[in-house]
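Colleague: Turn these sequences into a full structure, and let the hints steer you where they fit.
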Amino acid sequence: MLNCTKLVTVTGYINNLPTLSGSTLRLYKRPFNEAFEETPMLVAVLTYVGYGVLTLFGYLRDFMRQWKIEKCQNATEREEQKDFVPLYQDFENFYNRNLYMRIRDSWNRPICSVPGAKVDMMERVSHDYNWTFTYTGRVIKDIINMGSYNYLGFAQKAGTCQEAAAKVLSQYGAGVCSTRQEMGNLDKHEELEKLVARFLGVESAMAYGMGFATNSMNIPALVGKGCLILSDELNHASLVLGARLSGATIRIFKHNNMQSLEKLLKDAIVHGQPRTRRPWKKILILVEGIYSMEGSIVRLPEVIALKKKYKSYLYLDEAHSIGALGPSGRGVVEYFGLSPEDVDVMMGTFTKSFGAAGGYIGGKKELIDYLRTYSHSAVYATSLSPPVVEQIITSMKCIMGEDGTNVGKARVQQLAENTRYFRRRLKEMGFIIYGNEDSPVVPLMLYMPAKIGAFGREMLKRNIGVVVVGFPATPIIESRARFCLSAAHTKEMLDTALKEINEVGDLLQLKYSRHRLVPLLDRPFDETTYEETED
Amino acid sequence: MDIKSMKNYLYWLYCQFELITCSYLMEPWEKLLFYSFNITMLVMVLYIAYIFVPVHITMAFQFFFFHENL
Numbered sequence: 001m002l003n004c005t006k007l008v009t010v011t012g013y014i015n016n017l018p019t020l021s022g023s024t025l026r027l028y029k030r031p032f033n034e035a036f037e038e039t040p041m042l043v044a045v046l047t048y049v050g051y052g053v054l055t056l057f058g059y060l061r062d063f064m065r066q067w068k069i070e071k072c073q074n075a076t077e078r079e080e081q082k083d084f085v086p087l088y089q090d091f092e093n094f095y096n097r098n099l100y101m102r103i104r105d106s107w108n109r110p111i112c113s114v115p116g117a118k119v120d121m122m123e124r125v126s127h128d129y130n131w132t133f134t135y136t137g138r139v140i141k142d143i144i145n146m147g148s149y150n151y152l153g154f155a156q157k158a159g160t161c162q163e164a165a166a167k168v169l170s171q172y173g174a175g176v177c178s179t180r181q182e183m184g185n186l187d188k189h190e191e192l193e194k195l196v197a198r199f200l201g202v203e204s205a206m207a208y209g210m211g212f213a214t215n216s217m218n219i220p221a222l223v224g225k226g227c228l229i230l231s232d233e234l235n236h237a238s239l240v241l242g243a244r245l246s247g248a249t250i251r252i253f254k255h256n257n258m259q260s261l262e263k264l265l266k267d268a269i270v271h272g273q274p275r276t277r278r279p280w281k282k283i284l285i286l287v288e289g290i291y292s293m294e295g296s297i298v299r300l301p302e303v304i305a306l307k308k309k310y311k312s313y314l315y316l317d318e319a320h321s322i323g324a325l326g327p328s329g330r331g332v333v334e335y336f337g338l339s340p341e342d343v344d345v346m347m348g349t350f351t352k353s354f355g356a357a358g359g360y361i362g363g364k365k366e367l368i369d370y371l372r373t374y375s376h377s378a379v380y381a382t383s384l385s386p387p388v389v390e391q392i393i394t395s396m397k398c399i400m401g402e403d404g405t406n407v408g409k410a411r412v413q414q415l416a417e418n419t420r421y422f423r424r425r426l427k428e429m430g431f432i433i434y435g436n437e438d439s440p441v442v443p444l445m446l447y448m449p450a451k452i453g454a455f456g457r458e459m460l461k462r463n464i465g466v467v468v469v470g471f472p473a474t475p476i477i478e479s480r481a482r483f484c485l486s487a488a489h490t491k492e493m494l495d496t497a498l499k500e501i502n503e504v505g506d507l508l509q510l511k512y513s514r515h516r517l518v519p520l521l522d523r524p525f526d527e528t529t530y531e532e533t534e535d
Numbered sequence: 001m002d003i004k005s006m007k008n009y010l011y012w013l014y015c016q017f018e019l020i021t022c023s024y025l026m027e028p029w030e031k032l033l034f035y036s037f038n039i040t041m042l043v044m045v046l047y048i049a050y051i052f053v054p055v056h057i058t059m060a061f062q063f064f065f066f067h068e069n070l
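Chains as they are written, first to last, in the working numbering: chain A, 1 to 535; chain B, 1 to 70.
None of these hints come from the bench; they were simulated from the model.
Among the clues, some could well be false.
Label-pair distances were calculated between CB atoms; the ranges are [stated by the list, open to error]:
#, chain 1, residue 1, chain 2, residue 2, range
1, A, Phe-84, B, Tyr-14, 45 to 51 Å
2, B, Met-1, A, Phe-133, 39 to 45 Å
3, B, Cys-15, A, Lys-282, 53 to 59 Å
4, B, Val-53, A, Glu-79, 55 to 61 Å
5, B, Gln-16, A, Ala-473, 25 to 31 Å
6, B, Leu-42, A, Gly-247, 55 to 61 Å
7, B, Met-59, A, Trp-131, 23 to 29 Å
Facing chain A, a subset of chain B residues (Cβ under 8 Å, in silico) [unchecked claim]:
#, residue
8, Thr-21
9, Tyr-24
10, Leu-25
11, Trp-29
12, Val-55
13, His-56
All residues carry an ideal CB built from backbone N, CA and C; glycine is no exception.
Modeller: Below is the structure:
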């Protein structure tokens with residue numbers, strides 16, 4: 001009974017769940033399967049034991065560094081500043097020195113080829129326990145890349161996109177040397193923006209040079225003091241930074257929890273601003289299409305229903321979901337079968353599914369015209385580089401099918417198939433996988449700190465590159481390995497990867513799941529029913 | 001072959017212990033310190049158990065079944 005776990009699933013079709021009412025069921029046109037299996041009690045206790053041991057050893061090492069028994073290799077204050085307010089005494093720095101340094105070789109790995117389905121990596125060793133690295137000179141070739149955000153496989157060095165980009169490079173050069181409002185507005189940018197608007201189904205769009213900066217520089221242009229921002233618990237740093245820079249009041253609702261959001265909206269309308277009780281000038285709800293750490297998809301139909309009921313605005317960040325969801329890759333709005341006019345500000349990035357760089361904002365013409373004048377990014381930041389713009393244009397036309405081939409549609413379908421297959425196989429093996437059934441971001445729970453380092457290293461030994469994530473990107477006991485599937489992955493690559501993951505999972509004892517799924521024959525998604533057996 | 005699989009199993013168990021207590025991440029001198037501390041505590045607990053458990057069981061037995069003799 002100590003070890004019993006809850007499998008929290010929310011499906012749109014099951015009619016005996018207390019949380020979904022009849023009216024909510026009608027909003028969803030397809031089943032919504034999201035699961036976050038609870039941490040087994042024993043695993044949580046052992047994780048704390050592991051962190052406890054590492055903390056004790058951290059204190060011991062800090063003591064030795066303080067008393068000069070051991071050479072201090074991390075950053076410290078200068079001798080003259082020892083009496084000032086200490087800079088490196090907080091938990092983040094303690095964690096950095098004593099825990100992160102021990103497993104640091106799993107991050108910042110230098111790759112030396114295009115990050116497609118397979119990637120080459122420079123091999124490096126450390127002789128002083130990860131404080132410094134040296135290259136051995138060897139290049140590890142053809143590592144199966146399960147970490148790049150290459151959802152549709154457009155990160156290629158050969159093909160139509162590359163040829164078009166090379167042609168534009170020889171025509172326009174690489175640099176733009178100006179901002180959008182001064183001399184940096186190329187005809188390529190205008191072409192791109194018209195194409196993006198057509199792709200999304202909105203009136204107008206604007207493209208920026210950096211995806212992070214799209215969020216952090218445009219939210220301050222849209223809201224200010226006297227406005228209210230309702231932001232999801234697990235929003236990306238760019239959204240949080242943009243919200244803080246704007247000066248508006250920020251309130252957080254629980255992750256993907258519509259009851260929490262509705263409560264906050266009701267309180268905001270009823271009570272108004274904190275001291276003066278005046279009504280809020282604007283209420284902006286910030287959500288993301290796919291949350292990249294959880295693999296969960298936003299409950300967009302319910303958010304839109306709430307937004308319309310309480311007359312607020314919606315800002316949807318489709319960084320990971322554009323190109324990756326929906327029958328023709330138009331993102332989470334198409335996935336749920338909704339109209340793009342319901343979302344006030346549709347933001348996304350070109351970094352993930354289009355193999356380029358930059359971000360865009362789409363919406364009504366008045367909104368985009370306003371942003372062209374008032375966005376910080378338009379005034380101060382250099383605009384997109386022309387070859388990058390051409391890469392986006394070519395890949396977007398490919399996805400839309402306007403280049404005359406079926407390649408785009410095939411890629412979108414391949415990604416969906418890969419997602420379903422990979423997730424199903426991992427769940428059958430017995431790992432705890434978070435997130436929605438349809439999201440190409442697959443977090444596999446590791447929990448214990450030593451397993452973070454061990455998983456990264458063992459997978460690299462078997463020629464598979466994975467991204468492992470720990471604190472502070474995730475809660476301290478919920479560290480995970482995050483797989484990003486791609487349309488460029490063939491079934492053979494996925495099978496190889498799954499075989500190795502199975503091996504490493506047995507070696508490191510990662511199969512924590514208490515719910516074994518019955519392996520099912522390949523049936524189309526809409527007819528799938530998972531029979532769960534509890535053991 | 002049974003000895004080999006037994007040895008593999010024991011090595012795998014040792015690996016799990018290393019992973020759970022994070023001694024997989026420690027430098028060799030830290031591992032030495034950690035293991036010597038653990039082994040000392042284990043030996044102490046076993047020694048105390050060896051000395052005191054028969055005495056305690058005898059006393060409990062007498063208390064519950066022959067309390068007129070106390």
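Colleague: Give a verdict on every hint.
Modeller: The hints, checked one at a time:
1. A:Phe-84 / B:Tyr-14: 45 to 51 Å: holds (47 Å)
2. B:Met-1 / A:Phe-133: 39 to 45 Å: holds (42 Å)
3. B:Cys-15 / A:Lys-282: 53 to 59 Å: For Cys-15 (chain B) and Lys-282 (chain A) the Cβ distance comes to about 56 Å; the hint holds.
4. B:Val-53 / A:Glu-79: 55 to 61 Å: holds (57 Å)
5. B:Gln-16 / A:Ala-473: 25 to 31 Å: holds (26 Å)
6. B:Leu-42 / A:Gly-247: 55 to 61 Å: holds (59 Å)
7. B:Met-59 / A:Trp-131: 23 to 29 Å: violated (57 Å)
8. Thr-21: holds (5 Å)
9. Tyr-24: Where the cut-off is 8 Å and the nearest Cβ of chain A is about 5 Å from Tyr-24 (chain B), the hint holds.
10. Leu-25: holds (4 Å)
11. Trp-29: violated (10 Å)
12. Val-55: Since the shortest Cβ distance to chain A is 32 Å, the answer is violated.
13. His-56: Status violated, d = 28 Å.
Hints 7, 11, 12, 13, counting from the list given before, are not met by this structure.
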